[in-house]
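> This is what each chain is made of:
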Amino acid sequence: EDQVTQSPEALRLQEGESSSLNCSYTVSGLRGLFWYRQDPGKGPEFLFTLYSAGEEKEKERLKATLTKKESFLHITAPKPEDSATYLCAVLPPGGSYIPTFGRGTSLIVHP
Amino acid sequence: DAGVTQSPTHLIKTRGQQVTLRCSPKSGHDTVSWYQQALGQGPQFIFQYYEEEERQRGNFPDRFSGHQFPNYSSELNVNALLLGDSALYLCASAQWGPEIAYGYTFGSGTRLTVV
Numbered sequence: 122e123d124q125v126t127q128s129p130e131a132l133r134l135q136e137g138e139s140s141s142l143n144c145s146y147t148v149s150g151l152r153g154l155f156w157y158r159q160d161p162g163k164g165p166e167f168l169f170t171l172y173s174a175g176e177e178k179e180k181e182r183l184k185a186t187l188t189k190k191e192s193f194l195h196i197t198a199p200k201p202e203d204s205a206t207y208l209c210a211v212l213p214p215g216g217s218y219i220p221t222f223g224r225g226t227s228l229i230v231h232p
Numbered sequence: 603d604a605g606v607t608q609s610p611t612h613l614i615k616t617r618g619q620q621v622t623l624r625c626s627p628k629s630g631h632d633t634v635s636w637y638q639q640a641l642g643q644g645p646q647f648i649f650q651y652y653e654e655e656e657r658q659r660g661n662f663p664d665r666f667s668g669h670q671f672p673n674y675s676s677e678l679n680v681n682a683l684l685l686g687d688s689a690l691y692l693c694a695s696a697q698w699g700p701e702i703a704y705g706y707t708f709g710s711g712t713r714l715t716v717v
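Heads up: the sequence lines are chains A and B, in that order. For any residue, its number in the numbering used here is found by taking its place in the first sequence, counting from 1, and adding 121. For any residue, its number in the numbering used here is found by taking its place in the second sequence, counting from 1, and adding 602.
Everything labelled a hint here was simulated from the structure, so no lab data went into it. What you are looking at is a predicted structure, and each value in this text was computed from that prediction instead of being measured. There could be a bad hint or two in this list.
Capping the alpha-carbon separation at 25 Å, the derived lysine to any residue pairs in SDA-like fashion look like this [to be verified]:
id : chain 1 : residue 1 : chain 2 : residue 2
1  : A       : K178      : B       : H612
2  : A       : K184      : A       : P129
3  : A       : K163      : B       : V717
4  : A       : K184      : B       : V717
5  : A       : K189      : B       : P700
6  : A       : K163      : B       : H612
Listing some non-contacts, in silico: residues in chain A with all C-beta distances to chain B over 12 Å [said to hold, decoys possible]:
id : residue
7  : E138
8  : N143
9  : K163
10 : G175
11 : F193
12 : P201
13 : E202
14 : G216
15 : G225
16 : V230
Yeah, the Cβ is synthetic: ideal placement off N, Cα and C, and Gly gets one too.
Chain A extracted, bound-state conformation (with noise of 0.2 Å):
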């Protein structure tokens, strides 16, 4: 049973069109949960980390949120720039340090 489901798997916006993309997770007693960007042919870039439920952080038109259960990245007013793969991961309970990747959702903004 996948532990991180990302959903939609695509997305297609048009610019300025607000729109949020959500990430669930199966693990109790999260240890942190990441947000990444990764633009075709690169490596994943560090966004955000949330912590605990109720915690958000914001950088430019992104917001990222968390619950219990999920996690949402809101897009405020796009921008084609912003197209790319969004990638949650989560860090699980124990003593594990690597975290566990979603399939991502890619986001294209059309001008």
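On the provided structure of chain A, position chain B as indicated by the hints.
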């Protein structure tokens, strides 16, 4: 300040061959992790090296092996290549310690195509 450097950027190999991929960590980092990312999938953890030893391993067969050198750089070796090994191979570096999970930096990857 150079980030994580991987080489080569692209590689084409024939089924059954062996391949070696290389990674130089970000300055100040001493730990290297390797991931496999198939098309349309998230990165899957292969293994992690610190102090020239494999510290943790994901669910990958023994055909996947690695090495870390005294200068913290690392190699990923894959033997008896299969078509299913075609993927983007990512290297991530960090500084060993209690906060390691929160400080990974990824390279741009090596695109391996097995034909």
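> Regarding the pair K163 (chain A) and H612 (chain B), is the alpha-carbon distance no greater than 25 Å?
Distance of about 12 Å is within 25 Å: holds.
> If you draw a straight line from the CA of K163 (chain A) to the CA of V717 (chain B), is it 25 Å or shorter?
22 Å, holds
> Are K184 (chain A) and V717 (chain B) close enough, with their CA atoms no more than 25 Å apart?
42 Å, violated
> Does K163 (chain A) clear chain B by more than 12 Å, comparing its Cβ with all Cβ atoms of that chain?
Violated: least Cβ distance 5 Å, not greater than 12 Å.
> Would you check whether the claim that V230 (chain A) is not at the interface survives, using Cβ distances to chain B and the 12 Å cut-off?
19 Å, holds
> Taking the minimum C-beta separation from E138 (chain A) to chain B, is that value above 12 Å?
Given that every Cβ of chain B is farther than 12 Å from that of E138 (chain A), nearest at about 24 Å, it holds.
> Against chain B, does F193 (chain A) hold up as non-interface, every C-beta pair farther apart than 12 Å?
At roughly 18 Å from the nearest Cβ of chain B, F193 (chain A) sits farther out than 12 Å, so the non-interface label holds.
> With d taken as the least Cβ-Cβ distance between G225 (chain A) and chain B, does d exceed 12 Å?
Given a closest Cβ separation of 6 Å, the condition is violated.
> Quick check for students: does the CB of G175 (chain A) sit more than 12 Å from each CB in chain B?
19 Å, holds
> Quickly compare the C-alpha distance for K178 (chain A) and H612 (chain B) to 25 Å and report which way the hint goes.
36 Å, violated
> Does K189 (chain A) pair with P700 (chain B) here, judged by a C-alpha cut-off of 25 Å?
OK: K189 (chain A) and P700 (chain B) at ~24 Å, within 25 Å.
> Does the claim that N143 (chain A) lies outside the interface with chain B hold up, using a Cβ gap greater than 12 Å?
15 Å, holds
Violated hints, listed in ascending order, are 1, 4, 9, 14, 15; each of the other numbered hints is respected by the structure.
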